[in-house]
Amino acid sequence: MAGTKMGVVGCAGRMGRMLVAEIAATEGCSVAGGSEAPGSGYVNQDIGELAGIGRMGIPIGETVEKLIRDSDVVLEFTS
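Under our numbering, the residues of the sequence shown are numbered 2 to 80, in order.
If you're looking for bench data, these hints aren't it; they were derived computationally from the structure. Watch out, some of these pointers could steer you wrong.
[To be verified] Computed Cβ-Cβ distance ranges for the label pairs, DEER-style: (1) G4 / G42: 29 to 35 Å; (2) R15 / G55: 26 to 32 Å; (3) E50 / D71: 14 to 20 Å; (4) R70 / N45: 15 to 21 Å; (5) E28 / E63: 27 to 33 Å; (6) G40 / G4: 28 to 34 Å; (7) S41 / G4: 27 to 33 Å.
All C-beta atoms, glycine included, are put in the ideal place defined by N, C-alpha and C.
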């Protein structure tokens with residue numbers, strides 16, 4: 002991962018998936034990870050596959066704390 006590491010809270014929703022795809026496509030940015038609510042069926046799924054951009058090897062987590070530690074910037078897009 003290079004550049005600004007960005008994480009997305011609420012990464013499995015429609016807008017969260019779009020954010021992940023745009024971050025991955027933006028020069029100077031990289032996807033640090035994403036999170037969903039504890040117990041969500043999306044937890045541990047590959048964030049890139051869920052966003053429709055292919056496997057990234059980054060599992061979706063269920064704790065915001067780890068995402069904050071791993072990211073330079075965190076975008077929150079939950080309802």
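A quick look at each hint next to the structure:
no., hint, in the structure
1, G4 / G42: 29 to 35 Å, "31 Å, holds"
2, R15 / G55: 26 to 32 Å, "19 Å, violated"
3, E50 / D71: 14 to 20 Å, "19 Å, holds"
4, R70 / N45: 15 to 21 Å, "18 Å, holds"
5, E28 / E63: 27 to 33 Å, "30 Å, holds"
6, G40 / G4: 28 to 34 Å, "32 Å, holds"
7, S41 / G4: 27 to 33 Å, "28 Å, holds"
The earlier numbered hint that this structure contradicts is number 2, and it is the only one.
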